[in-house]
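Asks: Protein chains in written order, with the working numbering: chain A, 1 to 408; chain B, 1 to 200.
Hints are computed from structural coordinates only; laboratory data are not their basis. No residue lacks a Cβ here, since even glycine has one placed at the ideal position from N, Cα and C. There may be inaccurate statements among the hints.
Label pairs and their calculated CB-CB ranges [to be verified]: (1) Arg129/B <-> Val381/A: 52 to 60 Å; (2) Ala23/B <-> Arg184/A: 49 to 57 Å; (3) Lys368/A <-> Gly107/B: 51 to 59 Å; (4) Gly257/A <-> Glu135/B: 35 to 43 Å; (5) Asp106/B <-> Gly404/A: 31 to 39 Å.
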Amino acid sequence: MSVAHQITAGFMPLFDSAVLVAAGEMGFAAREGIELKLHRETSWANIRDRIAIGHFDVAHMLGPMPLACSLGLTPLASETIVPFSLGLGGNCVTVSNAVWQGMAAHGAAPDLDPARAGAALGALIRERTGAVREPLRFAVVHPHSGHNYELRYWLAACGVDPDRDIEIVIVPPPFMADALAAGRIDGYCVGEPWNSAAVAAGTGRIVTVKALLWRNSPEKVIGVRKMWAEENPDALAALLRALHHSARWCQDPANRGELAALMARPAFLGQPEAIQMPVLTGQLQLGGGVERRVEDFFLPFDKAANFPWKSHALWFYTQMVRWGQLPHTPQNLAIARDCYRPDLYRSALKPLGVALPGANAKVEGALKVATPVGSAGASLVLGPDGFFDGQIFDPDRIDAYIDGQRRA
Amino acid sequence: MSAGSLTILVIDENRIRASIIEAGLRDAGHRHVTVIHDVAGIARRIAEIEPDVIVIDLENPNRDMLENMFQLSRAVKRPIAMFVDRSDQASIEAAVDAGVSAYVVDGLKKERIKPILDMAISRFNAFSRMARELEEARSELENRKVIDRAKGILMKSRGLSEEAAYALLRKTAMNQNRKIADIAQSLVTAAGLLGPLEGE
Numbered sequence: 001m002s003v004a005h006q007i008t009a010g011f012m013p014l015f016d017s018a019v020l021v022a023a024g025e026m027g028f029a030a031r032e033g034i035e036l037k038l039h040r041e042t043s044w045a046n047i048r049d050r051i052a053i054g055h056f057d058v059a060h061m062l063g064p065m066p067l068a069c070s071l072g073l074t075p076l077a078s079e080t081i082v083p084f085s086l087g088l089g090g091n092c093v094t095v096s097n098a099v100w101q102g103m104a105a106h107g108a109a110p111d112l113d114p115a116r117a118g119a120a121l122g123a124l125i126r127e128r129t130g131a132v133r134e135p136l137r138f139a140v141v142h143p144h145s146g147h148n149y150e151l152r153y154w155l156a157a158c159g160v161d162p163d164r165d166i167e168i169v170i171v172p173p174p175f176m177a178d179a180l181a182a183g184r185i186d187g188y189c190v191g192e193p194w195n196s197a198a199v200a201a202g203t204g205r206i207v208t209v210k211a212l213l214w215r216n217s218p219e220k221v222i223g224v225r226k227m228w229a230e231e232n233p234d235a236l237a238a239l240l241r242a243l244h245h246s247a248r249w250c251q252d253p254a255n256r257g258e259l260a261a262l263m264a265r266p267a268f269l270g271q272p273e274a275i276q277m278p279v280l281t282g283q284l285q286l287g288g289g290v291e292r293r294v295e296d297f298f299l300p301f302d303k304a305a306n307f308p309w310k311s312h313a314l315w316f317y318t319q320m321v322r323w324g325q326l327p328h329t330p331q332n333l334a335i336a337r338d339c340y341r342p343d344l345y346r347s348a349l350k351p352l353g354v355a356l357p358g359a360n361a362k363v364e365g366a367l368k369v370a371t372p373v374g375s376a377g378a379s380l381v382l383g384p385d386g387f388f389d390g391q392i393f394d395p396d397r398i399d400a401y402i403d404g405q406r407r408a
Numbered sequence: 001m002s003a004g005s006l007t008i009l010v011i012d013e014n015r016i017r018a019s020i021i022e023a024g025l026r027d028a029g030h031r032h033v034t035v036i037h038d039v040a041g042i043a044r045r046i047a048e049i050e051p052d053v054i055v056i057d058l059e060n061p062n063r064d065m066l067e068n069m070f071q072l073s074r075a076v077k078r079p080i081a082m083f084v085d086r087s088d089q090a091s092i093e094a095a096v097d098a099g100v101s102a103y104v105v106d107g108l109k110k111e112r113i114k115p116i117l118d119m120a121i122s123r124f125n126a127f128s129r130m131a132r133e134l135e136e137a138r139s140e141l142e143n144r145k146v147i148d149r150a151k152g153i154l155m156k157s158r159g160l161s162e163e164a165a166y167a168l169l170r171k172t173a174m175n176q177n178r179k180i181a182d183i184a185q186s187l188v189t190a191a192g193l194l195g196p197l198e199g200e
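Please work from the sequences and hints to get the whole structure.
Replies: What follows is the structure, given as structure tokens:
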């Protein structure tokens, strides 16, 4: 097929760039007439800057990042939209061996249970505060990231104030395991393979995972410069179809070996194939020889993983408000509501006759088990999508949700 | 107020490039220039230095950490934003193209900052050009070495003179529409596979 569209895409060396990388490297983009140029970046700030000035048309982004750009929360902000999600889940919380020992003394077990691990960590933190010891220091990859919000959500639900009781710092993903080993941080929340890397090095223990904190929850997305999307609707639709086929290929267990080998290449992650396998199988080494299989640990395709739910964007928005990153106003809410674009996803994929959700948003936490839903065309299974503390997020009742999370 | 009154911090892991920028800033009359290569403990250093302008290379993976620090404004007293004026799109593009980013204390006048940024951009570009030329010189040298080896192989195995060996390489390259160095590399590789021709 001849090249009809040239698209330049930025990505960070994280496993959840796989759908974008495979679209370019496994021929899915070419089949849609796209020449996809992939550029590896060194920071989210670079991705944001290069999207803003037009070096990149689209990019692998943290789910809340396009919101932060559109809401003007970052330098060099530009209107960025999300027509496609790159998957659900994939993150873990990892702590140092010393913190793990302290947690174990307070009843933690190596079972990834967020409530039990959080209660133990809370008890450890209170004990340290009582002994007037330095607060524990946790790292996340970016202030506007799922990692920051899920770590804070987890701690807050377990009685820890993430602003007062601990310190949260920013560390680039590839440096996390080293920073933990060197004692500069006591724990972190990051995507794979950077948790398994600390376990493999014997310097960290995985204590819980995103897939248990909030089942089938949003992580990375494709962020698109709004102006480019408006000027190139055909190129964008072709790209979304290529990403759809790529995501299906990434999800297929038969392709795990090939995908791990692709991501292991120096141009992408540059990490051994073996360390890519936990994210693909959900079979995690937690440290200390304990192994655990996590259902739906990371989904690049299944459970409508690529659908850009407005309820996901709005949940991120509530957490930005919760942690003081911006005020809750009708204007801000309207911007957050318009950032994720299920309409673009639907119109691009409609010709393929695949299953598409009928709604733009859902009540997060309502589905307790995997549930087939009504959709255009073929059948579709969603969820479960519960939060570990049983809370429900209804995007039609945002004010009540924000009020309920306000600190006393 | 003279140019020299601004406090400038340069964060660059590349020591050569950092010193080129530092020299440029000093030439322009800036007396308060600090260069940091390693971001460990940088929060404390920034609090001590209290920079008006921070120049950082885009390759630095710690930009997210630094921006977060600026936004929290604990280490730095005043909020810092990238560039002075967001309407100055050309300047922003030139900076990103050159691989440099700048953070400026809010409220500083554009005319005071722009010369610093322009200087950083031109020095970054000069450094890239230098690095590129160095790389070209290096690969030129490598090419010459491999062509010499290929000539040696041809002279030995086919009893050719040096001139004839080179002519054969050149003719083959022209016929195949490839570079002489590529043909020479193929020959050296093949000779290595086929046997101990060079006493290996």
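Asks: None of the hints should be skipped; say for each whether it holds.
Replies: Against the structure, the hints:
1. At roughly 56 Å, the beta carbons of arginine 129/B and valine 381/A sit within the given window of 52 to 60 Å.
2. In this structure the hint that alanine 23/B and arginine 184/A lie 49 to 57 Å apart at CB is violated, the actual value being about 33 Å.
3. Separation of lysine 368/A from glycine 107/B is about 53 Å and conforms to the stated range, judged on CB atoms against 51 to 59 Å.
4. Taken as a hint, the range 35 to 43 Å holds for the pair glycine 257/A and glutamate 135/B, whose Cβ atoms sit roughly 36 Å apart.
5. Judged by the Cβ atoms, the range 31 to 39 Å given for aspartate 106/B and glycine 404/A holds: they are separated by roughly 35 Å.
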